[in-house]
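Student: The primary structure of each chain is shown beneath.
2 protein chains.
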Amino acid sequence: MTILDGKKLKQEILDEVKSKIEKNNAKMKLAIIQVGNNEASNIYVGQKLKACEYVGIEGNLYKLDENVSQEELLTLIDKLNKDDEVYGIILQSPIRHDLDFDYCSNKILASKDIDGFTRDSVYGNYINDTDILPCTVKGIITLLDKYEINLDGTNVVIVGRGNIVGKPLMLAMLNKNATVTVAHSHTKNLVDVCKTADVLISAVGKKGLITADHVKDGAVVIDVGITRVDGKIYGDVDFDNVKDKVSYITPVPGGVGPLTVASIILQLYEMYERRNING
Amino acid sequence: MTILDGKKLKQEILDEVKSKIEKNNAKMKLAIIQVGNNEASNIYVGQKLKACEYVGIEGNLYKLDENVSQEELLTLIDKLNKDDEVYGIILQSPIRHDLDFDYCSNKILASKDIDGFTRDSVYGNYINDTDILPCTVKGIITLLDKYEINLDGTNVVIVGRGNIVGKPLMLAMLNKNATVTVAHSHTKNLVDVCKTADVLISAVGKKGLITADHVKDGAVVIDVGITRVDGKIYGDVDFDNVKDKVSYITPVPGGVGPLTVASIILQLYEMYERRNING
Numbered sequence: 001m002t003i004l005d006g007k008k009l010k011q012e013i014l015d016e017v018k019s020k021i022e023k024n025n026a027k028m029k030l031a032i033i034q035v036g037n038n039e040a041s042n043i044y045v046g047q048k049l050k051a052c053e054y055v056g057i058e059g060n061l062y063k064l065d066e067n068v069s070q071e072e073l074l075t076l077i078d079k080l081n082k083d084d085e086v087y088g089i090i091l092q093s094p095i096r097h098d099l100d101f102d103y104c105s106n107k108i109l110a111s112k113d114i115d116g117f118t119r120d121s122v123y124g125n126y127i128n129d130t131d132i133l134p135c136t137v138k139g140i141i142t143l144l145d146k147y148e149i150n151l152d153g154t155n156v157v158i159v160g161r162g163n164i165v166g167k168p169l170m171l172a173m174l175n176k177n178a179t180v181t182v183a184h185s186h187t188k189n190l191v192d193v194c195k196t197a198d199v200l201i202s203a204v205g206k207k208g209l210i211t212a213d214h215v216k217d218g219a220v221v222i223d224v225g226i227t228r229v230d231g232k233i234y235g236d237v238d239f240d241n242v243k244d245k246v247s248y249i250t251p252v253p254g255g256v257g258p259l260t261v262a263s264i265i266l267q268l269y270e271m272y273e274r275r276n277i278n279g
Numbered sequence: 001m002t003i004l005d006g007k008k009l010k011q012e013i014l015d016e017v018k019s020k021i022e023k024n025n026a027k028m029k030l031a032i033i034q035v036g037n038n039e040a041s042n043i044y045v046g047q048k049l050k051a052c053e054y055v056g057i058e059g060n061l062y063k064l065d066e067n068v069s070q071e072e073l074l075t076l077i078d079k080l081n082k083d084d085e086v087y088g089i090i091l092q093s094p095i096r097h098d099l100d101f102d103y104c105s106n107k108i109l110a111s112k113d114i115d116g117f118t119r120d121s122v123y124g125n126y127i128n129d130t131d132i133l134p135c136t137v138k139g140i141i142t143l144l145d146k147y148e149i150n151l152d153g154t155n156v157v158i159v160g161r162g163n164i165v166g167k168p169l170m171l172a173m174l175n176k177n178a179t180v181t182v183a184h185s186h187t188k189n190l191v192d193v194c195k196t197a198d199v200l201i202s203a204v205g206k207k208g209l210i211t212a213d214h215v216k217d218g219a220v221v222i223d224v225g226i227t228r229v230d231g232k233i234y235g236d237v238d239f240d241n242v243k244d245k246v247s248y249i250t251p252v253p254g255g256v257g258p259l260t261v262a263s264i265i266l267q268l269y270e271m272y273e274r275r276n277i278n279g
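First to last, the protein sequences are chains Y and A.
For the first sequence, my numbering gives the first residue as 1, with consecutive numbering after it.
For the second sequence, my numbering gives the first residue as 1, with consecutive numbering after it.
Everything labelled a hint here was simulated from the structure, so no lab data went into it.
Take the hints with a grain of salt, since some may be wrong.
If chains are identical, the list can't say which one is meant, so a pair holds when it fits in one copy or spans any two.
[Unchecked claim] Here are the simulated PhoX-like cross-link-like pairs (lysine-lysine), alpha carbons at most 20 Å apart as the crow flies: (1) Lys50 to Lys176; (2) Lys8 to Lys20; (3) Lys188 to Lys216; (4) Lys188 to Lys176; (5) Lys7 to Lys18.
Hey, can you work out the whole structure from these sequences and the hints?
Tutor: Laid out in structure tokens, this is it:
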């Protein structure tokens, strides 16, 4: 059994981007828009800014007042879209409920949408014509690539059908020529479905959902779930229960999580390359 | 075993729309753009125009010269987008290879995209916020609804991952709360995958691909494949071989095929209702 070490891969990605940025004397900015002062958002934004600083990207936080109007928010997005020095824009979720997150985030130019959530990015993934993916999905693909786990012709089972992980992952896995199954809360026979998986990916957020019963001998298990209980973080997978059956497995924490931030940095640099080097 | 009779359902849909159009004295136009004189296109366009005439929709064919420029094509799309009497626009494929079909068809307004192929329509299906679907997908959903085949919690296996049927069908089936598997040319164990299906849908275009070995007892089998051999039309499913195992099955011809045209008419009328009655 091999642990898929996301923490280590994150460091490798950051170091590689850092060295490319130095070599090419690349200048780029990441703009993060945060509305209000959500505590979890503060942590995530802090992690992104720290990674930017490490690799030599200028990270700018636009922390808007909790009561900002949608018009002001859209004006800022428009300004950042037009700023050539800005290579990536993140609208940090959640935002205030009466603001339309979907509408606002779709105003971000596809060429600056490093979160991969806009309709142009979704369509690009759908027609298999983009490298920009939602960061968690990009992280999973990068991790599997790193460990040379070939997806072509394998049975991939994804548990969870959300817009952030499940659905874009389904499209990305199809684009990798996997046979893809998506299971979710309405699935009647989750154990049977999961047992068909060569690669089982759980993105639900339910502690201990996946046990040895769900896992075929020799399967690859990727745990995207995050549940916090008494200050401790748990994944969807009962790690100790399944670890002797699997060939590869991600730990929680230290698996997919760290790669989300690394993917933002990676995709930001890819956007820079596209515009300035390969473009 | 029950035959899913698409030909009969088509007639019912057309009659229902016809009577609604008469009742509401509804006036609407469908614009079909055809480039050149492709023989198969002539047949498909003819079927669409005939259905329009039957229900009382004004069908207008814009048959452009084979050598039309992309600029002229885009000018026409723009004009039709702005014409309030036009409720639906179809860019009939194929078009000349050096014209960019994807770019041009994406210029059609989402509110007139009755083929459901534009990025806005794809995104609507992705986030489960639209009734407008690619016509074949809409036809399959309508057919299953008609025969009261509930998809919630069932295992749906789709063979084929194209942008016209496989992928939009995958999203639509997820939106119906089915557990969805997509198989394709790289799938290694097609028989095993298909045998998990409560509802098996094949959209490949390979005569006799699906045999009794692929079908679980009591499964619903939907055949979207079309292969022409010596002037005869065949589906993907070996009908005689599987018919004694299934609970429901579509014939070819007379199954999904007729519903494609019926779905255009149905979606066109739904667009009319949205703009004039429910809007």
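Student: The structure should be examined with respect to each hint, and the outcome stated for every one.
Tutor: Each hint tested on the structure:
1. Lys50 to Lys176: Neither: 32 Å inside a copy, 42 Å across copies.
2. Lys8 to Lys20: For Lys8 and Lys20, only the intra-copy Cα distance (19 Å) is at most 20 Å; the inter-copy one is 64 Å.
3. Lys188 to Lys216: both (18 Å within a copy, 17 Å between copies)
4. Lys188 to Lys176: between (27 Å within a copy, 14 Å between copies)
5. Lys7 to Lys18: within (17 Å within a copy, 62 Å between copies)
Of the numbered hints listed earlier, the single one contradicted by the structure is hint 1.
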